[in-house]
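Engineer: Chains as they are written, first to last, in this note's numbering: chain E, 134 to 216; chain S, 659 to 823.
You may find that some hints are simply not true.
Only pairs whose alpha carbons sit at most 27 Å apart, straight line, appear in this in silico BS3-like list of lysine-lysine [what the hints assert, rightly or not]:
no., chain 1, residue 1, chain 2, residue 2
1, E, 158, E, 170
2, S, 703, E, 158
3, S, 703, S, 774
4, E, 170, S, 758
5, S, 703, S, 669
6, E, 199, S, 774
7, S, 743, E, 170
8, E, 158, S, 791
9, S, 669, S, 758
10, S, 791, S, 688
11, S, 791, S, 758
12, E, 199, S, 669
13, S, 688, S, 669
14, S, 791, S, 703
15, S, 703, S, 743
16, S, 791, S, 669
17, S, 726, S, 688
18, E, 170, S, 774
19, S, 726, E, 204
20, E, 158, S, 688
21, S, 669, S, 774
22, S, 774, E, 204
23, S, 791, E, 204
24, E, 158, S, 774
25, S, 774, S, 758
26, E, 158, S, 669
27, S, 703, E, 204
28, S, 774, S, 726
29, S, 774, S, 743
30, E, 204, S, 688
31, E, 199, S, 791
32, S, 726, E, 158
33, S, 688, S, 743
Which residues of chain E face chain S? A few of them, derived with a C-beta cut under 7 Å, are [stated by the list, open to error]:
no., residue
34, 178
35, 180
36, 205
It should be emphasised that the hints constitute simulated quantities derived from the structure, not laboratory data. Using N, Cα and C, we set each Cβ at its ideal position, and we do this for glycine too.
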Amino acid sequence: MSDAGPLSIASLADGFDISRQAISKHLRVISDAGLAKCGRRGRETVWQLEQDGLAEARRYLQTVSKDWDDKLRRLKHFVESDS
Amino acid sequence: MSTAVSDRIEKQVLLRAPLSRVWQALTDSKEFGQWFGVRFDGPFKTGAPISGRIAPTTMDAKVAEMQKPYEGMAFNIMIDRIEPKNLFSFRWHPFAVDPKVDYSDEPTTLVAFSLKEVPEGVLLTVTESGFDKIPLDRRATAFASNEGGWSMQVTLIQKYVEKTA
Numbered sequence: 134m135s136d137a138g139p140l141s142i143a144s145l146a147d148g149f150d151i152s153r154q155a156i157s158k159h160l161r162v163i164s165d166a167g168l169a170k171c172g173r174r175g176r177e178t179v180w181q182l183e184q185d186g187l188a189e190a191r192r193y194l195q196t197v198s199k200d201w202d203d204k205l206r207r208l209k210h211f212v213e214s215d216s
Numbered sequence: 659m660s661t662a663v664s665d666r667i668e669k670q671v672l673l674r675a676p677l678s679r680v681w682q683a684l685t686d687s688k689e690f691g692q693w694f695g696v697r698f699d700g701p702f703k704t705g706a707p708i709s710g711r712i713a714p715t716t717m718d719a720k721v722a723e724m725q726k727p728y729e730g731m732a733f734n735i736m737i738d739r740i741e742p743k744n745l746f747s748f749r750w751h752p753f754a755v756d757p758k759v760d761y762s763d764e765p766t767t768l769v770a771f772s773l774k775e776v777p778e779g780v781l782l783t784v785t786e787s788g789f790d791k792i793p794l795d796r797r798a799t800a801f802a803s804n805e806g807g808w809s810m811q812v813t814l815i816q817k818y819v820e821k822t823a
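Could you build all of it, start to finish, from the sequences and the hints given here?
Structural biologist: So this is what it looks like as structure tokens:
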């Protein structure tokens, strides 16, 4: 989905041994997570990733990175204090 | 300082403390729990799972307030390697904070602490890897639980450390 731009469910299903209902279900999960959106192209419903896969992976890692910064500050304070 | 590619995170920090002090803070489950923010049920053992509960920090009332929503949540890790005083690693489910979800079948990331003695103390390198296996919707949860939560802590902890240094 990320390379080809907006795709209909039919074209997403094409080449996969999986039903359109199953694909719709997966798309709803991804869409609920804010990572995909649907729109219309003529009479078709098409889907697109909300973000480029790599940008999304980077954003997630930034979240984890900040979390580690916080934890390591606490470790630093913990080992460097006198007690 | 950190470098990030899509699958891993690496952090380095210089700790001005003796090697044995740092090693203990990492591998003694009570001490680890104190700075990490978890109360563990027992000691860390190579290759063994260990359970615990999230326990907000006693280091700052404001930060503790923000951690409140997660207090008491189950926190389970699988200890990987304990190689004194050199390497400590474990596996966990990052941001496993939805009480309705059973994370036990989901992929884990590997967290590895490696210690290097230097003139000023200990250079600690933390590497977390395996993120490519984490499903997309789990990553979105991480953003949501991070908003106004952990990132605020960083600022407050920094202020706290500077004040008490």
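Engineer: For every hint, state whether the structure bears it out.
Structural biologist: Going down the list of hints, with the structure as the test:
1. For the hint pairing residue 158/E with residue 170/E, the CA-to-CA distance comes to about 13 Å; that is within 27 Å, so the pair holds.
2. With a C-alpha separation of about 41 Å, the suggested pair residue 703/S and residue 158/E falls outside the 27 Å cut-off, and the hint is violated.
3. Restraint check for residue 703/S and residue 774/S: the C-alpha separation of about 22 Å stays at or below 27 Å, so the hint holds.
4. At most 27 Å may separate the alpha-carbon atoms for a hinted pair to count; residue 170/E and residue 758/S meet this at roughly 25 Å.
5. The hinted pair formed by residue 703/S and residue 669/S meets the criterion: a straight-line CA distance of about 24 Å does not exceed 27 Å.
6. For a cut-off of 27 Å, the pair hint linking residue 199/E to residue 774/S stands: about 23 Å separates their Cα positions.
7. For the suggested pair residue 743/S and residue 170/E, the alpha carbons sit about 49 Å apart, so the restraint of at most 27 Å is broken.
8. With a C-alpha separation of about 20 Å, the suggested pair residue 158/E and residue 791/S falls inside the 27 Å cut-off, and the hint holds.
9. For a cut-off of 27 Å, the pair hint linking residue 669/S to residue 758/S is broken: about 31 Å separates their Cα positions.
10. As the CA atoms of residue 791/S and residue 688/S are separated by approximately 30 Å, the hinted pair breaks the 27 Å bound.
11. Only pairs whose Cα atoms come within 27 Å are accepted, and residue 791/S paired with residue 758/S is accepted, the gap being roughly 21 Å.
12. Taking the CA atoms of residue 199/E and residue 669/S, the gap is about 10 Å. The hint holds against a cut of 27 Å.
13. Between residue 688/S and residue 669/S the alpha-carbon distance is near 23 Å, which keeps this suggested pair within the 27 Å criterion.
14. For the proposed pair residue 791/S and residue 703/S, the alpha carbon gap of about 26 Å is at most 27 Å, so the pair holds.
15. Annotation: proposed proximity of residue 703/S to residue 743/S holds, straight-line Cα distance about 15 Å (limit 27 Å).
16. With a CA separation close to 20 Å, the supplied pair residue 791/S and residue 669/S stays within the 27 Å bound.
17. For the proposed pair residue 726/S and residue 688/S, the alpha carbon gap of about 20 Å is at most 27 Å, so the pair holds.
18. Between residue 170/E and residue 774/S, the direct Cα distance comes to roughly 47 Å. Violation of the 27 Å bound is thereby established for this hinted pair.
19. Proposed proximity of residue 726/S and residue 204/E is supported: the alpha carbons are some 16 Å apart, at most 27 Å.
20. Pair hint residue 158/E plus residue 688/S does not hold up; C-alpha atoms about 44 Å apart against a cutoff of 27 Å.
21. About 14 Å separates the Cα atoms of residue 669/S and residue 774/S, which keeps this hinted pair within 27 Å; it holds.
22. With a CA separation close to 19 Å, the supplied pair residue 774/S and residue 204/E stays within the 27 Å bound.
23. Using a Cα cut-off of 27 Å, the hinted pair residue 791/S and residue 204/E holds, with the two alpha carbons roughly 23 Å apart.
24. Between residue 158/E and residue 774/S the CA atoms are separated by roughly 49 Å; this puts the pair beyond 27 Å, and the hint is violated.
25. Between residue 774/S and residue 758/S the CA atoms are separated by roughly 40 Å; this puts the pair beyond 27 Å, and the hint is violated.
26. Under the criterion of a C-alpha separation no larger than 27 Å, the hint pairing residue 158/E with residue 669/S is inconsistent with the structure, at around 38 Å.
27. A C-alpha spacing of about 22 Å is found between residue 703/S and residue 204/E, which places the hinted pair at or below 27 Å, so the restraint holds.
28. Between residue 774/S and residue 726/S, the direct Cα distance comes to roughly 35 Å. Violation of the 27 Å bound is thereby established for this hinted pair.
29. Of the supplied pair hints, the one linking residue 774/S and residue 743/S holds, its CA atoms being roughly 9 Å apart against a limit of 27 Å.
30. Restraint check for residue 204/E and residue 688/S: satisfied, since their Cα atoms lie roughly 15 Å apart, inside the 27 Å limit.
31. With a C-alpha separation of about 20 Å, the suggested pairing of residue 199/E with residue 791/S holds against the 27 Å cut-off.
32. In summary, the hint linking residue 726/S to residue 158/E is not supported, as the alpha carbons are separated by about 34 Å, beyond the 27 Å threshold.
33. Taken as a hint, the residue 688/S and residue 743/S pair is honoured in the structure, with Cα atoms around 18 Å apart against an allowance of 27 Å.
34. Interface restraint check: residue 178/E against chain S, minimum CB-CB distance 20 Å, threshold 7 Å, status violated.
35. Using the Cβ-Cβ criterion of 7 Å, the hint placing residue 180/E at the interface with chain S is not satisfied: the shortest such distance is roughly 13 Å.
36. Restraint check, residue 205/E versus chain S: the minimum CB separation of about 5 Å is within 7 Å; hint holds.
Against the hints set out earlier in the document, violations occur for numbers 2, 7, 9, 10, 18, 20, 24, 25, 26, 28, 32, 34, 35.
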